[in-house]
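Peer 1: Listed here are the chains, written in short residue letters.
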Amino acid sequence: MSIINYASREIQFKIVYYGPALCGKTTNLAYIHQRISPTNRGDLVSLATAADRTLFFDFLPLNAVVIKGFVTKFQLYTVPGQVIYNATRQLVLRSVDGLVFVADSQWEKMEENVESFKNLADNLARQNVAIDDLPCVLQYNKRDLPNVAPLNYMEYVLNNRKKRLQSFEASSSTGENVFATLNAVSQILLHKFSKQNDVPQTIAPTAPVPGNPTLAQSETTPA
Amino acid sequence: MNSIPVLTIEDVATLDGVLADFLKKAEADLTVVIDRGGNVISQFGDMNAMDVTIIAALAAGSFAATQELARRIGELEFNALYHQGNGSHIFMNSVDEDTIMITVFGRRTTVGLVRFYSAATAKIVSGLLNALQRNELSFEAADASTRQIFADQ
Numbered sequence: 001m002s003i004i005n006y007a008s009r010e011i012q013f014k015i016v017y018y019g020p021a022l023c024g025k026t027t028n029l030a031y032i033h034q035r036i037s038p039t040n041r042g043d044l045v046s047l048a049t050a051a052d053r054t055l056f057f058d059f060l061p062l063n064a065v066v067i068k069g070f071v072t073k074f075q076l077y078t079v080p081g082q083v084i085y086n087a088t089r090q091l092v093l094r095s096v097d098g099l100v101f102v103a104d105s106q107w108e109k110m111e112e113n114v115e116s117f118k119n120l121a122d123n124l125a126r127q128n129v130a131i132d133d134l135p136c137v138l139q140y141n142k143r144d145l146p147n148v149a150p151l152n153y154m155e156y157v158l159n160n161r162k163k164r165l166q167s168f169e170a171s172s173s174t175g176e177n178v179f180a181t182l183n184a185v186s187q188i189l190l191h192k193f194s195k196q197n198d199v200p201q202t203i204a205p206t207a208p209v210p211g212n213p214t215l216a217q218s219e220t221t222p223a
Numbered sequence: 001m002n003s004i005p006v007l008t009i010e011d012v013a014t015l016d017g018v019l020a021d022f023l024k025k026a027e028a029d030l031t032v033v034i035d036r037g038g039n040v041i042s043q044f045g046d047m048n049a050m051d052v053t054i055i056a057a058l059a060a061g062s063f064a065a066t067q068e069l070a071r072r073i074g075e076l077e078f079n080a081l082y083h084q085g086n087g088s089h090i091f092m093n094s095v096d097e098d099t100i101m102i103t104v105f106g107r108r109t110t111v112g113l114v115r116f117y118s119a120a121t122a123k124i125v126s127g128l129l130n131a132l133q134r135n136e137l138s139f140e141a142a143d144a145s146t147r148q149i150f151a152d153q
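Protein sequence lines, in the order shown, are assigned to chains A and B.
Numbering of the first sequence is given in the numbering used here, commencing with residue 1 and proceeding in unit increments.
Numbering of the second sequence is given in the numbering used here, commencing with residue 1 and proceeding in unit increments.
By construction, these hints were calculated from the structure, which means they are not laboratory data.
Hints may contain errors.
Claimed, not checked - Residues from chain B shown here face chain A by an in silico Cβ test under 8 Å; the list is partial:
#	residue
1	Thr8
2	Asp35
3	Gly37
4	Thr53
5	Ala64
6	Gly87
7	Thr146
8	Arg147
9	Ala151
What the hints assert, rightly or not - Reference listing, derived: stretches of chain A covered by chain B, where coverage requires no fewer than 3 residues with Cβ under 8 Å from a Cβ of chain B:
#	stretch
10	37–43
11	61–69
12	134–142
13	152–164
14	177–183
Unchecked claim - Ranges between beta-carbon positions, derived for each pair:
#	chain 1	residue 1	chain 2	residue 2	range
15	B	Ile4	A	Ala130	17 to 25 Å
16	A	Ala125	B	Ala70	51 to 59 Å
17	A	Val157	B	Asp16	36 to 44 Å
18	B	Val6	A	Leu145	43 to 51 Å
19	A	Tyr156	B	Ser88	33 to 41 Å
20	A	Ala125	B	Asn48	38 to 46 Å
21	A	Glu108	B	Gln148	18 to 26 Å
Yeah, the Cβ is synthetic: ideal placement off N, Cα and C, and Gly gets one too.
Whenever a hint applies, use it, and build me the whole structure from the sequences.
Peer 2: Pasting the structure below:
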């Protein structure tokens, strides 16, 4: 959000889906576009190659809630995941308000997940922003596939930090937890501007302990 | 909490007046002021059949994407971009380091006229935006939920 417009009474938020190549960022947006009420969404714009790989970004505008007379509009973007398109990722991250990091849960993709997360932190640092300063959630995608890493391993690899991020097991191709992920980042974002301003951006009770297989998934509503 | 520039109703009226005057002089159809992240700040003109939100996102991307091209020939960026269609055209020019102005026009006018008037308009718009008050946005937390809308329908 760069400006508050008291005439149109609209507030725009930019949420970026970030993650390695082929992790399912575009599939998230396609599912949201397909399933959300048409009255609350615009067209899904995909700037993709002939092979359906995201070249520049995907973009989906959503209308959301009315708060104190303001209509909030969420603009969802994806970045191109392929390593060579880092300049494009930096452009898409400009003025970002919220982040969804989509990780590919397959074992063989773990190194790419870590690289991409590091790349996200580096690109945010170029804008003098830290991940901890932004509303951000993790989505462990493709949980419906057979060769996925256990949840606590994913958490250990990607969420082993002082301020843990809220995380979701998801399958963007079936839609499982796609809306839960979007709602979580939206809630954190809205509550960042709430008068109480006391909502934790991390959900400590679900934080994993490496080696503990009983990891609860959370979709905690901020207080 | 972040401090964010605020467009009051008076600011919007002033901005609309500037943009209306520009459209009239340049004989263009639509003008949109956006930030470089793709958010719409202000818009004026014929918005039928156009999703301004999408135009803003794509225009910001297009403007940013040419920056590297500009650097290759020793420029910081291109101050203006022109996309020529068969009947409708888009002219984009830099307002300041955070803001871009997009103008959509057709056969009634020429790119030269649009470019001429947009340069002066951009200076006025930049002055207006830089003079905006800053404020903190705060919601009632209890009001803020997206769950009913962001859901399977």
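Peer 1: If a hint holds in the structure, say so; if it does not, say that too.
Peer 2: For each hint, the structure was consulted:
Checking Thr8(B) against chain A: minimum C-beta separation of about 5 Å stays under 8 Å; hint holds. Hint status for Asp35(B) relative to chain A: holds, with the closest Cβ pair at about 4 Å, below 8 Å. Satisfaction of the interface hint for Gly37(B) is found here, the shortest Cβ-Cβ separation to chain A being roughly 3 Å, below the 8 Å cut-off. Checking Thr53(B) against chain A by beta carbon gives a least distance of about 5 Å; that is within 8 Å, so the hint holds.
With 8 Å as the threshold, the beta carbon of Ala64(B) comes within range of chain A, its nearest partner Cβ sitting at about 4 Å, so the hint holds. Because the smallest distance between the Cβ of Gly87(B) and any Cβ of chain A comes to about 21 Å, over 8 Å, the interface hint for this residue is violated. Because the beta carbon of Thr146(B) sits about 4 Å from the nearest beta carbon in chain A, less than 8 Å, this interface hint is met. At about 5 Å, the closest approach between the beta carbon of Arg147(B) and any beta carbon in chain A falls short of 8 Å, and the interface hint on this residue holds.
Restraint check, Ala151(B) versus chain A: the minimum CB separation of about 5 Å is within 8 Å; hint holds. Counting residues of the stretch 37–43 of chain A whose beta-carbon sits less than 8 Å from any beta-carbon of chain B gives 4, enough to reach three: the coverage restraint holds. With a threshold of 8 Å between beta carbons, the proposed coverage of the stretch 61–69 of chain A by chain B holds, since 7 of its residues qualify and at least three are required. For a cut-off of 8 Å, the count of residues in the stretch 134–142 of chain A with a CB near a CB of chain B stands at 0, and the three-residue condition is violated.
Here the stretch 152–164 of chain A counts 0 residues with a CB under 8 Å from a CB of chain B, which misses the bar of 3, and the coverage is violated. Interface restraint, the stretch 177–183 of chain A with chain B: holds (3 residues with C-beta to C-beta distance below 8 Å; minimum three). For Ile4(B) paired with Ala130(A), a C-beta distance near 19 Å keeps the hint of 17 to 25 Å intact. The beta-carbon spacing between Ala125(A) and Ala70(B), approximately 24 Å, falls outside the hinted interval of 51 to 59 Å.
Between Val157(A) and Asp16(B) the beta carbons are some 51 Å apart, a value that contradicts the proposed interval 36 to 44 Å. The given range of 43 to 51 Å is respected by Val6(B) and Leu145(A), whose C-beta atoms sit roughly 48 Å from each other. Checked against the hint of 33 to 41 Å, the pair Tyr156(A) and Ser88(B) fails, with Cβ atoms roughly 54 Å apart. The given range of 38 to 46 Å is respected by Ala125(A) and Asn48(B), whose C-beta atoms sit roughly 43 Å from each other.
A hinted range of 18 to 26 Å for the beta carbons of Glu108(A) and Gln148(B) is inconsistent with their spacing of about 39 Å.
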